[in-house]
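Chains as they are written, first to last, in numbering that gives the first Met the number 0: chain A, 0 to 149; chain L, 0 to 219.
Relax, there's no trap hidden among the hints.
Quick look at which bits of chain L chain A covers, simulated, 3 or more residues with Cβ under 8 angstroms:
hint, segment
1, 126-135
2, 179-185
3, 193-203
4, 212-219
Partial list, computed: chain L residues near chain A (C-beta under 10 angstroms):
hint, residue
5, ILE139
6, PHE167
7, GLU175
8, ALA176
9, ARG190
10, SER206
11, SER208
12, ALA209
In case anyone wonders, no lab produced these hints; they're calculated from the structure. We treat Cβ as the ideally placed atom computed from N, Cα and C, and that holds for glycine.
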Amino acid sequence: MFEHGLLNLTNWIANVILPTLAGLLAAGAIYRFSKSHPYSELAYAAFAALMCSGLLRALEAFAQQAGVSDPDRYWLSILALTNWVGNVMLPLYGTLQIVMAVVHFAGLLERMTIGEAWVRNMASAMMCFMLSGILRLAEAWIQNGTAGVR
Amino acid sequence: MTTPQFLSDLLTLLFDLAVPAAMCTMVLAALALRQEGGVNFQVGGSFPRWMLWSVIFLTLPQLLSWFAAQGIQMPAHGGSVASPWLAGLEGSFKSFVTVLVVGKLVPLLASFFVLKAALDGAQGDSPLGSIITAIFLLAISSTVQMMQSFNSGSQFATTDMLASLWNFVSGTILPEAAGLAVVGAVINYARHRPVMPLIFSALAFLSVSALWSLVQAMVR
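Model the full assembly from the supplied sequences, consistent with the hints where possible.
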């Protein structure tokens with residue numbers, strides 16, 4: 000029964016509380032963006048809060064690279080984590096950086112950082128009114144992600 | 000020389016009260032768990048000590064059978080208490096533990112720790128320790144039943160039960176704790192706190208048996 004209580008506690012926090020907090024984190028990210036403060040941690044945290052069970056499945060997949068009693072299991076799980084970060088996350092982040100480089104070079108986001116702030120304020124206002132839609136979009140992406148890379 | 004009936008009854012009484020005593024030591028273990036953090040415990044602290052006493056109480060007959068196997072004459076025990084006064088004492092203590100301690104006091108203590116969790120959160124501390132202690136308290140009866148099922152009945156039942164508990168914690172509890180570690184990593188990331196220690200801890204929780212095999216391999 001202790002294991003049931005612990006499992007239910009984990010499920011409740013990860014599948015009920017954190018998805019609810021994702022809305023609050025996204026609202027905080029929009030607020031910090033409107034103030035031209037760093038906001039990316041809150042935005043990524045809002046996304047991660049919706050993906051808690053998926054992140055745990057990923058860690059379980061890393062840990063299951065070796066047998067239960069294999070002495071190399073911990074090392075292999077860390078190796079799998081490193082491979083995943085280097086071969087999946089970094090290319091995605093690099094693609095994002097290329098897009099940001101093109102956008103910044105083209106001056107498209109110039110109004111966000113220097114000069115007049117009206118573009119940033121307009122974008123913040125739009126995101127404030129669209130927050131529930133943004134959250135539904137993130138959930139749809141995550142739901143599609145459960146089917147794997149297509 | 001035959002053992003006097005009163006002493007035989009007293010011996011039977013003590014053996015019959017072993018399981019209720021184990022329930023009481025489990026309650027004390029829960030309180031010690033919260034005192035030592037709730038999520039973790041101190042190696043030289045009271046929690047491991049009270050858990051060990053619970054295991055000893057649950058395997059008392061088997062522990063004494065080890066002495067008998069060494070050739071030490073052990074008095075025979077078994078059956079029920081013949082003396083009505085001692086039988087009444089046994090019934091009263093069992094009723095005290097079952098009705099008052101487990102039935103009334105333990106849920107009250109668990110609710111107190113839920114209240115404590117809310118206060119811990121208000122103070123900025125993690126409420127997880129108090130919540131886990133509350134769950135531990137509410138699961139005491141089933142935990143003792145589970146520990147009794149781990150009783151191998153042999154002379155080494157005490158160590159067998161401890162080994163089974165280790166397997167249960169490493170194979171069932173810690174993988175569930177890995178989920179809590181991932182939740183903690185997400186919350187820490189939002190709060191600009193270190194994330195990687197929790198990620199590595201989650202991987203370690205999923206690999207405890209393998210880490211034990213690794214340590215054994217290092218020694219070989």
